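Trainee: Sequence:
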Amino acid sequence: MKRQNSANVTGSPSRYFSTTQNQFTDILKQITQNCNNKPIKKPSSPNPNSQLQKRIKTQTSCSKIPNQNSQNKKASSSVPKNRLEYYTMQEQIGSGKFGKVYKCVLNSTKKVYAIKMIDKQQLKKNQMNHQLQREVTIQQMLKHPNIIQLIEFFETATNYCLVMEYANGGTLFQSLMRQNNKRYSEPAASNMIKQVALAIQQMQKQSIIHRDLKPENILWCDGVLKISDFGWSIQDKKERDTLCGTIDYLPPEMVYGQSYDNSIDLWSLGVLTFELTTEGFALQFPDHLSGDVKDLMKGLLTDKKNRKSIDWVLNHVWLC
Numbered sequence: 001m002k003r004q005n006s007a008n009v010t011g012s013p014s015r016y017f018s019t020t021q022n023q024f025t026d027i028l029k030q031i032t033q034n035c036n037n038k039p040i041k042k043p044s045s046p047n048p049n050s051q052l053q054k055r056i057k058t059q060t061s062c063s064k065i066p067n068q069n070s071q072n073k074k075a076s077s078s079v080p081k082n083r084l085e086y087y088t089m090q091e092q093i094g095s096g097k098f099g100k101v102y103k104c105v106l107n108s109t110k111k112v113y114a115i116k117m118i119d120k121q122q123l124k125k126n127q128m129n130h131q132l133q134r135e136v137t138i139q140q141m142l143k144h145p146n147i148i149q150l151i152e153f154f155e156t157a158t159n160y161c162l163v164m165e166y167a168n169g170g171t172l173f174q175s176l177m178r179q180n181n182k183r184y185s186e187p188a189a190s191n192m193i194k195q196v197a198l199a200i201q202q203m204q205k206q207s208i209i210h211r212d213l214k215p216e217n218i219l220w221c222d223g224v225l226k227i228s229d230f231g232w233s234i235q236d237k238k239e240r241d242t243l244c245g246t247i248d249y250l251p252p253e254m255v256y257g258q259s260y261d262n263s264i265d266l267w268s269l270g271v272l273t274f275e276l277t278t279e280g281f282a283l284q285f286p287d288h289l290s291g292d293v294k295d296l297m298k299g300l301l302t303d304k305k306n307r308k309s310i311d312w313v314l315n316h317v318w319l320c
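Going by UniProt numbering, the residue at position 152 of the sequence shown is 152; the numbering climbs one at a time, nothing skipped.
To be clear, the hints were calculated from the coordinates, so they are not data collected in a lab. Please note: incorrect hints may appear among the correct ones.
[As the list claims (entries may be wrong)] Here are the computed lysine to any residue pairs in the SDA-like style, where the Cα-Cα straight-line distance is at most 20 Å:
1) 205 with 182
2) 304 with 241
3) 120 with 83
4) 205 with 294
5) 124 with 96
6) 304 with 287
7) 111 with 221
8) 124 with 156
9) 111 with 192
10) 103 with 84
11) 111 with 130
12) 194 with 204
13) 100 with 125
14) 305 with 319
15) 110 with 151
16) 205 with 311
17) 100 with 145
18) 111 with 145
19) 100 with 87
20) 103 with 156
21) 182 with 206
22) 308 with 122
23) 120 with 101
24) 238 with 206
25) 182 with 287
26) 304 with 320
27) 110 with 182
28) 238 with 224
29) 111 with 96
30) 143 with 85
31) 237 with 141
32) 194 with 290
33) 103 with 124
34) 194 with 97
35) 143 with 83
36) 100 with 168
37) 111 with 224
[Unchecked claim] Pairwise CB distance ranges (calculated):
38) 295 with 170: 40 to 50 Å
39) 207 with 95: 22 to 32 Å
40) 224 with 309: 17 to 27 Å
Just so it is clear, the structure is predicted and the values come from calculations on it, not from any experiment. Virtual Cβ for every residue (Gly too), placed ideally from N, Cα, C.
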């Protein structure tokens with residue numbers, strides 16, 4: 001199940017700017033006006049010096065992902081090539097551009113996991129090896145109850161394999177679509193937002209930006225919400241300007257080609273709060289919303305300069 005109006009985007013802000021400007025200008029103005037803030041002003045022109053080729057240096061503790069330019073070098077691994085045989089593969093539970101996700105069972109313990117199998121050739125063809133290496137490294141670093149854990153990472157002759165916690169409750173988006181009026185009660189939504197906020201707090205402590213927070217990337221594991229899919233995540237204290245993520249959740253600074261920092265995840269948290277407590281992406285606060293949840297969203301759905309911090313969110317009365 002996927003949202004009708006969702007799409008992932010990546011690339012140069014200046015390249016994408018002309019196609020998104022008209023689509024977002026009215027929405028962003030109305031959101032900020034609803035939040036009692038001044039409308040966001042568009043800069044005179046997008047930044048022409050977009051540094052899209054910045055790469056962070058990462059190291060993996062298991063299999064190494066070869067650089068695109070090292071075609072003659074084979075990836076080394078500290079695990080056997082037949083590591084996949086330690087698992088019994090079950091049904092497919094997901095898919096992506098470069099591979100598929102399966103439910104699997106570790107034969108020695110009978111414990112259930114999810115395994116993401118990424119096609120090596122497709123990854124190399126699209127020059128995305130660096131992104132997978134970054135994703136693996138970041139997930140190895142993150143240890144938190146509200147973040148999906150990477151159990152192990154290895155490779156076969158044809159695939160890179162990421163073994164992760166199995167989300168037995170599906171995605172937050174799937175559970176949202178099952179609710180009456182496609183929204184949660186405020187007490188339920190408050191509990192969910194607090195869990196996501198705690199995960200964001202941990203990411204910020206480690207200088208990690210997710211860049212694609214949305215209900216489809218938040219999973220239910222035994223009744224606990226956990227952030228997943230770190231494919232667009234980065235670890236960097238410097239501001240960035242690469243355009244990526246999902247259209248519905250892009251903050252204004254990213255849409256307008258400006259530099260951004262880890263506060264973009266807080267904008268996404270504000271959109272997520274709105275989506276969980278309303279019936280979609282309306283441009284006005286519904287009458288049924290309390291003043292407390294409106295205040296929380298006002299603090300997040302604003303320009304970068306005035307956006308509140310994660311500590312402010314976690315101390316907000318709506319989450320207490």
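Trainee: Decide, hint by hint, whether the structure agrees.
Mentor: Each hint tested on the structure:
1. Taken as a hint, the residue 205 and residue 182 pair is broken in the structure, with Cα atoms around 33 Å apart against an allowance of 20 Å.
2. Between the alpha carbons of residue 304 and residue 241 the distance comes to roughly 14 Å, so the proposed pair stays at or under 20 Å and holds.
3. A threshold of 20 Å between alpha carbons decides the hint, and for residue 120 with residue 83 the separation of about 16 Å falls inside it, so the pair holds.
4. A distance of roughly 27 Å separates the Cα atoms of residue 205 and residue 294; the hinted pair therefore is violated under the 20 Å criterion.
5. Proposed proximity of residue 124 and residue 96 is supported: the alpha carbons are some 15 Å apart, at most 20 Å.
6. Under the criterion of a C-alpha separation no larger than 20 Å, the hint pairing residue 304 with residue 287 is inconsistent with the structure, at around 27 Å.
7. Note on residue 111 and residue 221: the hinted pairing holds, with a Cα-Cα distance of about 14 Å set against a maximum of 20 Å.
8. A distance of roughly 15 Å separates the Cα atoms of residue 124 and residue 156; the hinted pair therefore holds under the 20 Å criterion.
9. Taking the CA atoms of residue 111 and residue 192, the gap is near 26 Å; set against the 20 Å cutoff, the hint is violated.
10. Between residue 103 and residue 84 the CA atoms are separated by roughly 13 Å; this keeps the pair inside 20 Å, and the hint holds.
11. Note on residue 111 and residue 130: the hinted pairing is violated, with a Cα-Cα distance of about 31 Å set against a maximum of 20 Å.
12. Under the criterion of a C-alpha separation no larger than 20 Å, the hint pairing residue 194 with residue 204 is consistent with the structure, at around 15 Å.
13. Of the supplied pair hints, the one linking residue 100 and residue 125 holds, its CA atoms being roughly 17 Å apart against a limit of 20 Å.
14. Between residue 305 and residue 319 the alpha-carbon distance is near 23 Å, which puts this suggested pair outside the 20 Å criterion.
15. About 15 Å separates the Cα atoms of residue 110 and residue 151, which keeps this hinted pair within 20 Å; it holds.
16. With a C-alpha separation of about 11 Å, the suggested pairing of residue 205 with residue 311 holds against the 20 Å cut-off.
17. In summary, the hint linking residue 100 to residue 145 is not supported, as the alpha carbons are separated by about 25 Å, beyond the 20 Å threshold.
18. Restraint check for residue 111 and residue 145: the C-alpha separation of about 18 Å stays at or below 20 Å, so the hint holds.
19. Restraint check: the Cα-Cα separation between residue 100 and residue 87 comes to about 16 Å, which is no more than 20 Å; the hinted pair holds.
20. Between residue 103 and residue 156 the CA atoms are separated by roughly 18 Å; this keeps the pair inside 20 Å, and the hint holds.
21. As the CA atoms of residue 182 and residue 206 are separated by approximately 34 Å, the hinted pair breaks the 20 Å bound.
22. Between residue 308 and residue 122, the direct Cα distance comes to roughly 40 Å. Violation of the 20 Å bound is thereby established for this hinted pair.
23. At roughly 15 Å between alpha-carbon atoms, residue 120 and residue 101 fall within 20 Å of each other, so this suggested pair holds.
24. With a CA separation close to 13 Å, the supplied pair residue 238 and residue 206 stays within the 20 Å bound.
25. Using a Cα cut-off of 20 Å, the hinted pair residue 182 and residue 287 holds, with the two alpha carbons roughly 16 Å apart.
26. Between residue 304 and residue 320 the alpha-carbon distance is near 25 Å, which puts this suggested pair outside the 20 Å criterion.
27. Of the pairs offered as hints, the one joining residue 110 and residue 182 is violated, with about 36 Å between alpha carbons and a cut-off of 20 Å exceeded.
28. Note on residue 238 and residue 224: the hinted pairing is violated, with a Cα-Cα distance of about 32 Å set against a maximum of 20 Å.
29. A distance of roughly 24 Å separates the Cα atoms of residue 111 and residue 96; the hinted pair therefore is violated under the 20 Å criterion.
30. About 27 Å separates the Cα atoms of residue 143 and residue 85, which puts this hinted pair outside 20 Å; it is violated.
31. Among the hinted pairs, residue 237 with residue 141 is consistent with the structure: their alpha-carbon atoms are about 16 Å apart, no more than 20 Å.
32. Straight-line distance between C-alpha atoms of residue 194 and residue 290 comes to about 17 Å, which keeps the hinted pair within the 20 Å bound.
33. With a CA separation close to 25 Å, the supplied pair residue 103 and residue 124 exceeds the 20 Å bound.
34. For the suggested pair residue 194 and residue 97, the alpha carbons sit about 31 Å apart, so the restraint of at most 20 Å is broken.
35. The straight-line distance between the Cα atoms of residue 143 and residue 83 is roughly 24 Å, outside the 20 Å bound, and the hint therefore fails.
36. Proposed proximity of residue 100 and residue 168 is supported: the alpha carbons are some 17 Å apart, at most 20 Å.
37. Between the alpha carbons of residue 111 and residue 224 the distance comes to roughly 18 Å, so the proposed pair stays at or under 20 Å and holds.
38. Judged by the Cβ atoms, the range 40 to 50 Å given for residue 295 and residue 170 is violated: they are separated by roughly 31 Å.
39. Restraint check, residue 207 to residue 95: a C-beta distance of roughly 31 Å satisfies the suggested window 22 to 32 Å.
40. At roughly 24 Å, the beta carbons of residue 224 and residue 309 sit within the given window of 17 to 27 Å.
Of the numbered hints listed earlier, those contradicted by the structure are 1, 4, 6, 9, 11, 14, 17, 21, 22, 26, 27, 28, 29, 30, 33, 34, 35, 38.
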